[in-house]
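Enquirer: Protein sequences appear in the order of chains A and B. Its first residue numbered 1, the first sequence is counted upward by one per residue in the working numbering. Its first residue numbered 1, the second sequence is counted upward by one per residue in the working numbering.
Please keep in mind that the hints were generated in silico from the structure rather than gathered at the bench. C-beta atoms are modelled at their ideal positions from N, C-alpha and C, and glycine is treated no differently. It cannot be assumed that every hint is accurate.
What the hints assert, rightly or not - For the chain B half of the interface with chain A, some residues (derived, Cβ under 10 Å), not all of them:
| hint | residue |
| --- | --- |
| 1 | L124 |
| 2 | H130 |
| 3 | A132 |
| 4 | S139 |
| 5 | C141 |
| 6 | G154 |
| 7 | H174 |
Claimed, not checked - Not everything, but these chain A residues come out facing chain B in the computed CB check (under 7 Å):
| hint | residue |
| --- | --- |
| 8 | D38 |
| 9 | G115 |
| 10 | R149 |
To be verified - Calculated lysine-lysine pairs in the BS3-like style (CA-CA distance at most 30 Å, straight line):
| hint | chain 1 | residue 1 | chain 2 | residue 2 |
| --- | --- | --- | --- | --- |
| 11 | B | K11 | B | K21 |
| 12 | B | K244 | A | K111 |
| 13 | A | K242 | B | K111 |
| 14 | B | K111 | A | K266 |
| 15 | A | K169 | A | K234 |
| 16 | B | K234 | B | K169 |
| 17 | B | K111 | A | K244 |
| 18 | B | K169 | A | K111 |
| 19 | A | K111 | B | K266 |
| 20 | B | K242 | A | K111 |
| 21 | B | K11 | B | K104 |
| 22 | B | K234 | B | K21 |
There are 2 protein chains.
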Amino acid sequence: MSLTKAHTHPKPKIPFKLVKKELKEVEAQILDQVHAFDPSVAPYVDYICNTSGKRIRPILAILAGGATGGVTPAHIKIGVILELIHMSTLVHDDIIDGADTRRKVPTANAKWGNGMAVLLGDALFSHSLHLATDFDDISICRKVGHASREVCQGEVMQTQRRFDLTLTKEDYFHIIEMKTGALFAAATAIAASLSGASQETEDLLYQYGLKLGTAYQIYDDCLDLVGSEAQVGKTLRTDLEKGKLTLPLLNLLEKADPAQREKLNKRIIEQQPLDLPVIIGIAEYEGSVESSLDTATSILDEARDNLLVLEASPWRDGLEQVTYYLDDLLNKCRR
Amino acid sequence: MSLTKAHTHPKPKIPFKLVKKELKEVEAQILDQVHAFDPSVAPYVDYICNTSGKRIRPILAILAGGATGGVTPAHIKIGVILELIHMSTLVHDDIIDGADTRRKVPTANAKWGNGMAVLLGDALFSHSLHLATDFDDISICRKVGHASREVCQGEVMQTQRRFDLTLTKEDYFHIIEMKTGALFAAATAIAASLSGASQETEDLLYQYGLKLGTAYQIYDDCLDLVGSEAQVGKTLRTDLEKGKLTLPLLNLLEKADPAQREKLNKRIIEQQPLDLPVIIGIAEYEGSVESSLDTATSILDEARDNLLVLEASPWRDGLEQVTYYLDDLLNKCRR
Numbered sequence: 001m002s003l004t005k006a007h008t009h010p011k012p013k014i015p016f017k018l019v020k021k022e023l024k025e026v027e028a029q030i031l032d033q034v035h036a037f038d039p040s041v042a043p044y045v046d047y048i049c050n051t052s053g054k055r056i057r058p059i060l061a062i063l064a065g066g067a068t069g070g071v072t073p074a075h076i077k078i079g080v081i082l083e084l085i086h087m088s089t090l091v092h093d094d095i096i097d098g099a100d101t102r103r104k105v106p107t108a109n110a111k112w113g114n115g116m117a118v119l120l121g122d123a124l125f126s127h128s129l130h131l132a133t134d135f136d137d138i139s140i141c142r143k144v145g146h147a148s149r150e151v152c153q154g155e156v157m158q159t160q161r162r163f164d165l166t167l168t169k170e171d172y173f174h175i176i177e178m179k180t181g182a183l184f185a186a187a188t189a190i191a192a193s194l195s196g197a198s199q200e201t202e203d204l205l206y207q208y209g210l211k212l213g214t215a216y217q218i219y220d221d222c223l224d225l226v227g228s229e230a231q232v233g234k235t236l237r238t239d240l241e242k243g244k245l246t247l248p249l250l251n252l253l254e255k256a257d258p259a260q261r262e263k264l265n266k267r268i269i270e271q272q273p274l275d276l277p278v279i280i281g282i283a284e285y286e287g288s289v290e291s292s293l294d295t296a297t298s299i300l301d302e303a304r305d306n307l308l309v310l311e312a313s314p315w316r317d318g319l320e321q322v323t324y325y326l327d328d329l330l331n332k333c334r335r
Numbered sequence: 001m002s003l004t005k006a007h008t009h010p011k012p013k014i015p016f017k018l019v020k021k022e023l024k025e026v027e028a029q030i031l032d033q034v035h036a037f038d039p040s041v042a043p044y045v046d047y048i049c050n051t052s053g054k055r056i057r058p059i060l061a062i063l064a065g066g067a068t069g070g071v072t073p074a075h076i077k078i079g080v081i082l083e084l085i086h087m088s089t090l091v092h093d094d095i096i097d098g099a100d101t102r103r104k105v106p107t108a109n110a111k112w113g114n115g116m117a118v119l120l121g122d123a124l125f126s127h128s129l130h131l132a133t134d135f136d137d138i139s140i141c142r143k144v145g146h147a148s149r150e151v152c153q154g155e156v157m158q159t160q161r162r163f164d165l166t167l168t169k170e171d172y173f174h175i176i177e178m179k180t181g182a183l184f185a186a187a188t189a190i191a192a193s194l195s196g197a198s199q200e201t202e203d204l205l206y207q208y209g210l211k212l213g214t215a216y217q218i219y220d221d222c223l224d225l226v227g228s229e230a231q232v233g234k235t236l237r238t239d240l241e242k243g244k245l246t247l248p249l250l251n252l253l254e255k256a257d258p259a260q261r262e263k264l265n266k267r268i269i270e271q272q273p274l275d276l277p278v279i280i281g282i283a284e285y286e287g288s289v290e291s292s293l294d295t296a297t298s299i300l301d302e303a304r305d306n307l308l309v310l311e312a313s314p315w316r317d318g319l320e321q322v323t324y325y326l327d328d329l330l331n332k333c334r335r
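Produce the complete structure using the sequences and hints provided.
Expert: Have a look at this one:
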């Protein structure tokens with residue numbers, strides 16, 4: 001670590017203070033969406049919109065907007081739209097995962113059944129894409145539509161490859177880039193585009209977002225194996241049970257000799273009972289979790305490099321801070 | 001009936017011959033959509049796109065395009081987009097209804113499970129809305145987005161009001177206009193807009209589509225009660241079991257005296273066993289099905305009047321023919 005203050009990293013946290021005013025506006029606009037719905041549908045939408053999230057996508061749009069010329073109402077709006085898309089995918093994810101609670105409140109499917117939750121997710125999703133048509137520039141809609149399709153396809157591919165031991169690391173990265181990276185990338189790239197930034201800046205901010213989303217997903221996947229439920233506040237150790245082969249497992253499978261591989265395959269496929277603590281223990285023992293975290297760390301380094309295209313500003317520092325925040329989370333997984 | 005040939009109605013059938021070439025292009029473009037998806041997702045999309053439908057929405061877009069200046073590739077494209085949106089709603093409908101087959105082939109949920117079907121519907125839906133951004137005119141995207149949101153909201157409202165005996169006829173019409181009317185109306189109105197037709201023409205064609213969709217839904221709802229499964233080729237008599245109160249039932253409830261109403265309420269709410277043949281028998285005896293069909297017929301008359309804004313052409317005749325086709329279907333329900 002450097003000894004001079006000038007070389008220390010920005011604090012590893014989400015720069016909430018910097019985006020406080022804008023984030024308040026994001027929250028207000030998210031809650032305001034209910035008015036776009038029929039009075040009979042509005043209460044459901046209100047419930048879904050009231051379950052708070054980290055709002056990471058709007059924060060990225062705001063920071064990228066600030067870093068490319070200043071935050072405008074358009075940056076707030078794109079943040080809102082991408083967050084709504086994210087929220088509607090969560091409504092459907094919870095059905096698929098049979099999740100009863102999210103962020104400590106009952107999920108839509110738990111409250112009103114799977115059928116209603118499918119339709120509510122659809123209504124929120126179609127509304128989000130309709131909201132994108134408020135921009136006069138059709139290229140913005142196109143990018144929003146593209147990102148949505150990427151997310152949906154990523155989810156299809158993930159579900160399709162459950163319990164599929166032929167899944168390669170390449171496949172894994174392809175899936176998480178689509179499933180998680182695409183909306184992060186849309187947030188930062190569209191923000192740059194709305195600022196009238198150069199194509200180079202937009203492309204590099206797309207890369208930044210894509211990498212940040214990818215690293216975040218790897219973190220989330222490691223957390224599922226080694227995180228503490230009490231600290232994280234959600235149910236963990238569910239991926240393998242659902243047949244989701246994440247990076248730590250793929251690392252372990254890659255390193256295994258034929259006999260070990262056979263043992264793992266049996267455990268994963270037959271999984272009755274799935275001796276999860278043992279598998280996790282082996283994965284940690286063999287350094288598979290560690291090397292996944294290392295991969296995420298180096299992806300974050302690359303993401304940080306993409307920010308060099310931006311002029312120095314508190315907003316650019318904010319984007320950098322987010323990478324250190326995530327880095328810090330990764331380190332906490334290393335125990 | 002008029003004695004002179006000049007005054008006879010156009011044949012009551014969908015004018016397939018008139019739109020043959022264009023419909024072939026629609027089919028080709030629908031099948032072509034698989035190429036927009038990741039190779040691992042494409043086979044699923046291909047399966048869904050290969051289940052043929054009546055393609056009524058594309059036909060309406062083509063006819064309305066022809067009737068407002070001539071069919072262009074843009075009319076074909078909007079037909080494809082609206083049909084894809086319709087198809088993605090069917091994928092989700094089948095989950096909610098627990099349907100195993102549609103048009104004689106296994107549904108997506110039957111083939112790959114509910115979770116996968118949710119995600120595939122989402123992927124197809126997001127793709128449809130992305131496809132709409134190919135139009136340079138953002139107002140087209142806006143109209144597509146609006147129609148999609150209407151459809152989704154209509155579905156939410158329908159599900160929400162299951163087994164709700166306070167549902168009024170006004171509520172019913174509101175729901176079916178959103179659920180079914182919106183996409184029909186989008187087909188004819190957007191087609192007019194793409195032709196550069198006047199706002200008046202666009203508005204009247206919107207009304208035409210909305211009414212046609214509404215009449216079609218009433219027909220479908222009557223069919224559920226009195227249709228022949230063998231002729232229709234799908235499972236019938238399921239609405240009441242699912243708590244869907246359709247026009248014939250609402251008519252019956254409206255006409256019932258307090259004691260009769262109480263008996264019906266009991267039958268509908270308790271429904272163990274739901275003595276469906278008896279309820280249908282009563283509905284027919286009391287003329288409730290008949291008066292629903294009459295309502296649909298007069299809605300079709302109004303739809304036809306909306307076409308007076310168009311200059312005479314085979315395409316306008318085609319739009320008229322569709323109303324007589326539906327009229328004919330209504331008459332077949334009168335037995």
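Enquirer: Please verify that hint: G115 (chain A), Cβ, nearest Cβ of chain B, below 7 Å or not.
Expert: Hint on G115 (chain A): holds, closest Cβ of chain B at ~4 Å, below 7 Å.
Enquirer: Can you verify the interface hint for D38 (chain A): is its Cβ closer than 7 Å to any Cβ in chain B?
Expert: Holds, about 5 Å.
Enquirer: Against chain A, run the beta carbon of L124 (chain B) and see if the smallest gap drops under 10 Å.
Expert: Since the shortest Cβ distance to chain A is 8 Å, the answer is holds.
Enquirer: Can you verify the interface hint for G154 (chain B): is its Cβ closer than 10 Å to any Cβ in chain A?
Expert: Holds, because the Cβ-Cβ distance from G154 (chain B) to chain A comes to roughly 9 Å (cut-off 10 Å).
Enquirer: Measure nothing beyond the straight line between the CA atoms of K111 (chain B) and K244 (chain A); if it is 30 Å or shorter, mark the hint as holding.
Expert: holds, 20 Å
Enquirer: Given the proposed pairing of K234 (chain B) with K21 (chain B), does the C-alpha separation stay at or below 30 Å?
Expert: holds, 29 Å
Enquirer: When the nearest CB of chain A is found for S139 (chain B), is that gap smaller than 10 Å?
Expert: holds, 8 Å
Enquirer: Can the hint on C141 (chain B) be confirmed by a CB-to-CB distance to chain A that is less than 10 Å?
Expert: Status holds, d = 5 Å.
Enquirer: For the hint on H174 (chain B), just tell me whether its beta-carbon gets within less than 10 Å of chain A.
Expert: With Cβ-Cβ at 8 Å, under 10 Å, it holds.
Enquirer: Are K169 (chain A) and K234 (chain A) close enough, with their CA atoms no more than 30 Å apart?
Expert: This hinted pair holds, its Cα atoms lying about 26 Å apart.
Enquirer: Does K111 (chain B) lie within 30 Å of K242 (chain A) when you go C-alpha to C-alpha?
Expert: holds, 19 Å
Enquirer: Does H130 (chain B) pass the interface hint, meaning its C-beta sits closer than 10 Å to a C-beta of chain A?
Expert: H130 (chain B) check passes; min Cβ-Cβ to chain A is 3 Å, inside 10 Å.
The structure meets every hint from the earlier list without exception.
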